[in-house]
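Engineer: Take a look at the letters that make up each chain.
Number of protein chains: 2
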Amino acid sequence: MQFTSEQRLDDGVLERGFTLGEIPGILWTPASAPAPLILLSPPPLGLRKTYPRLVARARHSAADGFATATIELPGSGDRPRWPAAEQALADLRRAMEAREPVSDEIIDALILPLVDKAVPEWQAALDALLSLPEIGGPVGYSGGVISIGTRLAAVEPRIAAAVLFAGSFVPRAMFEEARRVTIPLHVLLQWDDEGNDRQAALDLFDAFGSKEKTLHANMGGHTGVPQSAGDEAGRFLARHLK
Amino acid sequence: MQFTSEQRLDDGVLERGFTLGEIPGILWTPASAPAPLILLSPPPLGLRKTYPRLVARARHSAADGFATATIELPGSGDRPRWPAAEQALADLRRAMEAREPVSDEIIDALILPLVDKAVPEWQAALDALLSLPEIGGPVGYSGGVISIGTRLAAVEPRIAAAVLFAGSFVPRAMFEEARRVTIPLHVLLQWDDEGNDRQAALDLFDAFGSKEKTLHANMGGHTGVPQSAGDEAGRFLARHLK
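Taken in order, these protein sequences are the chains called Y and H. Residue 10 is where the first sequence starts when you use the working numbering, and the numbers rise one by one after that. Residue 10 is where the second sequence starts when you use the working numbering, and the numbers rise one by one after that.
Simulated from the structure, these hints should not be mistaken for laboratory data. All figures in this text were calculated on a predicted structure; none of them were measured in a lab. Worth double-checking, as some hints may not be accurate.
Below, simulated DSBU-like cross-link-like pairs (lysine-lysine); rule was C-alpha separation at most 30 Å, straight line [as the list claims (entries may be wrong)]:
1) H:Lys58 <-> Y:Lys220
2) Y:Lys251 <-> Y:Lys220
3) Y:Lys58 <-> H:Lys220
4) Y:Lys126 <-> Y:Lys58
5) H:Lys126 <-> H:Lys58
6) H:Lys126 <-> H:Lys220
Just chain Y, with the same shape it has in the complex:
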């Protein structure tokens, strides 16, 4: 892990760019250290496009005493795409424009390789981040591709609680992985999300093995998560990581 840039934000939060091998990332740390860590996984739009939302959430978390880290997802931002994912994305767009149901084959081709690539990267990031003296204590996860969060919650014992966004396609195989998740979960669902299968999201919530899980459904379309819902997700992490 190599730091590549550093700036102090006006609220005292330290923002540092880093690379982990070839993966770019950002770490925000509050003045108080060591701080518990929130892994903030972006939606698959790239860190540059989502930076305003990410930094806003990182600053909010820093005010609660948390460090926040994010890394670029495989195939997002400037990271290389792979042909099978490009094909699956093209197939998805064609199906959606034709208003056809999106087949399991397309969803599997789109999501499963992304999960297979992303999860070990987040685990490597966690190794590197937890070796820093300014990071300590329990780790939370908050992420924009629910299948990545599901796999990570199932396989990574260092994650103590997770906020998941039910806003992306879910391969059938993930329902089995969801049953193995036992950590506290806070799932956000945009009820009228045009690009999302509401029933699949409800089924996935039902499948999670966690004794403590909460589903917060709100109106407002895919990107319209209300401020109050973001605050509640923040309080969920604060409750479980302190």
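Chain Y is fixed; fit chain H onto it per the hints.
Structural biologist: Then chain H, alone, in the frame of chain Y:
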């Protein structure tokens, strides 16, 4: 409206019993007046049985600057039952013990007369409460029989926001009434509530006409609403009534 008892609780909240005609009720007021009002409709178990939960929530609301009032539901506590409701309840118990599906006829016979009786009573209570000098400002509703809350939210323009508990049977006719509701709603659903039809609750949430509505689903059975979920419902009312 006649006050029948009065006591000051140790946190300074004034608790007064009252009768409205033959209906018993309780009003809790904070030291600061005039206070906005929360109508706290109990589950159909009677005020005496649910008093510990009601007073806890009223004290919590008083700390936020709200007055809270409740009245006994028709057929609950010491209020007279009516034969058709007794019959419907017996039919319901028989169906549930036999693990048969509960028919629409039973649900209608159980719930619709209760809604028809209760809603005008809550409106009469609202008339009386709003005439008190210590009550003022917007009115919120928080209630345990979702069909009563749905009808009240649809027909009573003085109610500005409502917390509804999706934990009771819903007559089909209520879905049409739900479409006419436009106020902000916060719906609580116990995901694994053994005595509740989860799909009906999700369908009812979908039917509400409100642009701003949120569904919070939690684990823990019918009476196991987590503390954090109660706090979130309280914050929802505080946001919309201040």
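Engineer: Evaluate each hint against the coordinates.
Structural biologist: Outcome of the hint check:
1. H:Lys58 <-> Y:Lys220: 28 Å, holds
2. Y:Lys251 <-> Y:Lys220: 19 Å, holds
3. Y:Lys58 <-> H:Lys220: Holds: Lys58 of chain Y and Lys220 of chain H sit about 28 Å apart, inside 30 Å.
4. Y:Lys126 <-> Y:Lys58: 21 Å, holds
5. H:Lys126 <-> H:Lys58: 21 Å, holds
6. H:Lys126 <-> H:Lys220: 28 Å, holds
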